[in-house]
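Enquirer: Generate the whole structure from the sequences, applying the supplied hints.
In order, the protein sequence lines correspond to chains A and B.
To convert, count from 1 in the first sequence and add 13; that's the numbering used here.
To convert, count from 1 in the second sequence and add 93; that's the numbering used here.
Please keep in mind that the hints were generated in silico from the structure rather than gathered at the bench.
Quantities reported herein were computed from a predicted structural model and do not represent experimental measurements.
Glycine included, C-beta positions come from ideal geometry on N, C-alpha and C.
Do not take every clue at face value.
[Unchecked claim] Derived list of chain B stretches under chain A, where covered just means 3 residues or more per stretch with a C-beta under 8 Å from a C-beta of chain A: (1) 121 to 134; (2) 138 to 146.
[Claimed, not checked] List time: in silico SDA-like cross-link candidates among lysine to any residue, alpha-carbon distance up to 20 Å: (3) B:K267 / B:G205; (4) B:K121 / A:V258; (5) B:K121 / A:D78; (6) A:K295 / A:G225; (7) A:K91 / A:E121; (8) B:K789 / B:P313; (9) B:K789 / B:I823; (10) B:K121 / B:M152; (11) B:K121 / A:F268; (12) B:K121 / A:E267; (13) A:K295 / A:D216; (14) B:K121 / A:E121; (15) B:K789 / B:W307; (16) A:K80 / A:E67; (17) B:K121 / A:I256; (18) B:K121 / A:E67; (19) B:K267 / B:Q700; (20) A:K91 / A:H76.
Chain by chain, the residues run as shown.
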Amino acid sequence: MTRANAITELLGPDLLERTRGLMLVARRVVEGALHGLHRSPLRGLSIEFSEHREYSPGDELKHLDWKVIARSERYVVKQYEQETNLRGLIVLDCSRSMAFGPTTLLGEPTGRGSKFAYGRVLAAALAHLLLAQGDSAGLILAADRIARRLPPRSAMGHILSVCRTLLEAEPAEGTDLAAALGQLAVSLKRRSLVLLISDLFDDPRRLIGMLGQLHHRGHEVVLFHVMDRQERLFDVGRTSGGITVLRDMETGGEFDAEPHLIADLVRAEVERFCGELDEGAKRYGLHLVRCRTDQPVEGVLVDYLHRRGKTRK
Amino acid sequence: MTLLSPILLLFAAFAAVPLLLHLYHRRKRIVVEFSTNRFFTDSVIQSQRRMQLQRLLLMLLRMAACVLLALAVARPILEMLGMGGAAGRRDVVIVLDDSLSMKAADAAVAPGADRYSRFDRAKAVAAGALRGLVRGDRAAVVTFSGRALGRAGLAGVELTGDPARLLAELDALKPTDAAGSPFAAVEQAARIFDTPQQRARMLLIATDLQANQWPQSAWPQPRQPIQTVMLHVADPTSDNVVVDSARLSQGVAVVGQPNTLEVRLHNWRPATVSGQLVVEMDGRAQAHRPVEVPGQSVRVERVALALEQDANAARASARGEAEPRHPPVPGVGKAQSAAQAPHVRQVRVQFLAPDALGEDNTLYAAIETTPRLPVLLIDGAPSDNPRRTPAFYLRTALQAVAGGGEGMLVNSVGVGDLPAERLDGYRAIILAGVASLPAEQVERLEKFVRDGGGMEIFLGPSAQAEFYNVLLASPDRPLGGLLPARLVRPVASRDRAEPMHIVEAQWDHAILQRFTGPLRSALAGVDIRRLWLLEPRQANVLARADGRMPLLLERAYGRGRVLLAATSPQPDWSSLPLRRNFITLMNRTVSYLAGCARSEPPDEVAQELVFARGKAAGAMNVRLAGSKGALAPARLRAVGATPEAYLPAEDVSAAGFYCADAAGGPIVRAVNCPRSESAPEVLDPNELGQFSGRWKVTTVSLAAPAGTQALDGEAALGKVLAAGKVSRGIWDMLLWVVLAALVVEPIVANRIGRPAAEAKAAKAKAA
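Expert: Here's what the structure looks like:
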């Protein structure tokens, strides 16, 4: 498959058009230094040396290159090349629960894709955004562990690898995101922008805790919480009135339900779950974006980026 | 529990609909994959279970409401033990059996002695029941004879809350001599109970449960079930002796001719009863002798009656004043007609013996006597030599003096003179050797016999078989024709020296029963040389000749009878007219035919009494023989175009002779107590049959052992009320319950699965 075909298949011309003018603005500077629209959080320590220039009054004395002064008795200051690239790492949940969405509880087609398909599109969009603005983008497919890893690259051609990897992946595992994120936290050396696309069907405390660790390690974490409408609202429609056996797609556990009886109670549980995530995200300073598979991806991105306060014209 | 409209209970089947729907949906079990079951927490699971249980309970509530609604429209009646709890709200109707049988005592009592009767016991219990009522209770009393005690209402007697007044009226109540009808009393009780109020109701019936009073037919029913207590006040072992009937052995009483009154005595007791049989006619003793009637049997006593000419009638005939009550006999003068007028003899039969019920030991009979029997003889073969005609011999025999009496008044006419002859003045008609008759004369003869007259036909040599077979013996004729047999052909004995004889006869028949000993031998020795060969048709063959050929046949026709003799009373046919016993035979025969009219049912107490019809019906005063003063004037009415003088049933309240002064002479009717009341046949309460229905019957026996006194009414009442129950309709209560269920159901349904406030808000937020 060619790169153009892969990109076209995933993104579509509309998405490309709308997100072309946008820039991904990071609130926290990843290692590699940012300039222009980016602000580096490292404040020079991790800036790479670029060249010397003559000392001008007013330059900070700490930037004097004393070795050169000792050798040449010239007063010069070091100039650093800030790493303008964001090191983006897109983490896509590929657990089995992400496959939910194409059909209703009665087996009728919903007209929507699965959460994984939605996440895939979102991941590709994010990768393209990053690569288009010269940032690097990497991809991690994770479920109960890191299943596949594409290291971040900044070449635009990397989008092809990303898309292909996304297309090749299928949700098939159980969920233990916290463990996968733990793996990620250990392996992640450089500060990155971690974009987690998942339904977050894991223990919220463990999950948030792990995400918090990532944050504490200097990474910026953005959570894209993807849910299907049926999960979010338990809008299961008019069931037969009889017993509906709900089988967990990951554990296989079954529950005899009368959906119309418990719809409101389940919605309350979902709200509590979401509330718990919100609270955790807020506590650790994580960005949490709620999206439903019946909402367009571009709308989610635009809203998020606008909320971040900067678009690229 | 009883249901007034049980068919409506079928609507309860709709209660199964929610259950069927529930079961139908429950069997649908589909398995689908869901992303995660993490949101189905323990609280969700428990809540679901709770809601499922609530929904089940709601379904049961709906089903119960449906069933209760169906039950309510089926109008159930609950029966609860004991009326005591409903004191102050009780309606009691007491039905008293005041028929003749209730006059019976439990043991035999000497005639004229005081006795404690069943009616006295019934009154005592009724009084006890009335004394047991309290303020607010209501009562009424009705009797089998139609009397009612209570408060006068627009529709008749109604319940009254004044038991004291009822007690006073009850105390004055006496039993009647009538049969009584529980049907009318029960119908009246059902009407009295027909009030809209919900009250405890009870029907008490005090009766001796005589079987004939309770026919197996549709009884009037109340709108809702009512507890009924049948108070059996008779000792089933009480017994009775009754003068069942008295009738003349010879159907008609002819003045001067001996006659016998056959008195039938029925002993219902197991033991033999000894008593005095007393028979009086017009106040003069005819018999007074001791009689023993074996137990459980019927004895027939024969009493000879001396039927001399009535003295008043003799004086009236001498003055030529009296109008004959029957049409004048042609050829007879007015005075002679008056002398021929029948008169009524008042016969009283008594059996004097200790008895539980004495009223049926006396029987009254009004016997109509006639000085001479008018007989019409139709001579079918007049001849210059009368000694060769059967009519000559018949006329001679009938006019002969027999037993000291004046014989028959015989009028002999030819066939041609018959059309001008009035037939209603005769008691018997004899056809002697008639060859044939015109069709219209045959019709007149048919009507004569059908109305109660008697006819004898002597076939002779001139009889035309075709006429007799077509007009008198054809099935197409009214009632199948007069003749007892079809004519085949005349036959003769083979040898003149060896004539035929009577070889077989019903010697116990009323005509032949006098022929005993030598008389019988003489009759059997009559030579029969010629006779008609006959084919009997629905006939009684009274005598047969050689070869079992029918000789004398009898057939009932309407209210009369026809006799057919196969031979002719003429010397060349038989030697019968030349024998002395021929006179006796003819007298017996004609007397039998004259008295063979089937009598109407005897007149009984409490039944309407008809005195005269037609021209004879006019203003007349009626008195009861032996009582002072006039009873009541007879009433007049028109039955079609015929006037009728009668006494209404309520004026016929005692047994005896009812005498009416009519323009044509006194009319006497004998009225007796109904013999249906005499049989001590007690109805098995289990055989009440269709009476039960909504009358929920419990039977309580209050009979005292023979020889003891009456029961304590209060104690009897306690026993009665303990067995009684209260019936109450509960459909109004059920409807209230259903209404409450209909109000509660939507509230409960709304609360089941109702989202918590936070869940609702969460949905709004998520949306």
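Enquirer: Determine for every hint whether it applies to the structure shown.
Expert: A quick look at each hint next to the structure:
no., hint, result
1, 121 to 134, "holds (count 14)"
2, 138 to 146, "holds (count 5)"
3, B:K267 / B:G205, "holds (17 Å)"
4, B:K121 / A:V258, "holds (10 Å)"
5, B:K121 / A:D78, "violated (82 Å)"
6, A:K295 / A:G225, "holds (10 Å)"
7, A:K91 / A:E121, "violated (66 Å)"
8, B:K789 / B:P313, "holds (13 Å)"
9, B:K789 / B:I823, "holds (17 Å)"
10, B:K121 / B:M152, "holds (18 Å)"
11, B:K121 / A:F268, "holds (15 Å)"
12, B:K121 / A:E267, "holds (16 Å)"
13, A:K295 / A:D216, "holds (17 Å)"
14, B:K121 / A:E121, "holds (17 Å)"
15, B:K789 / B:W307, "holds (16 Å)"
16, A:K80 / A:E67, "holds (14 Å)"
17, B:K121 / A:I256, "holds (6 Å)"
18, B:K121 / A:E67, "violated (86 Å)"
19, B:K267 / B:Q700, "holds (18 Å)"
20, A:K91 / A:H76, "holds (6 Å)"
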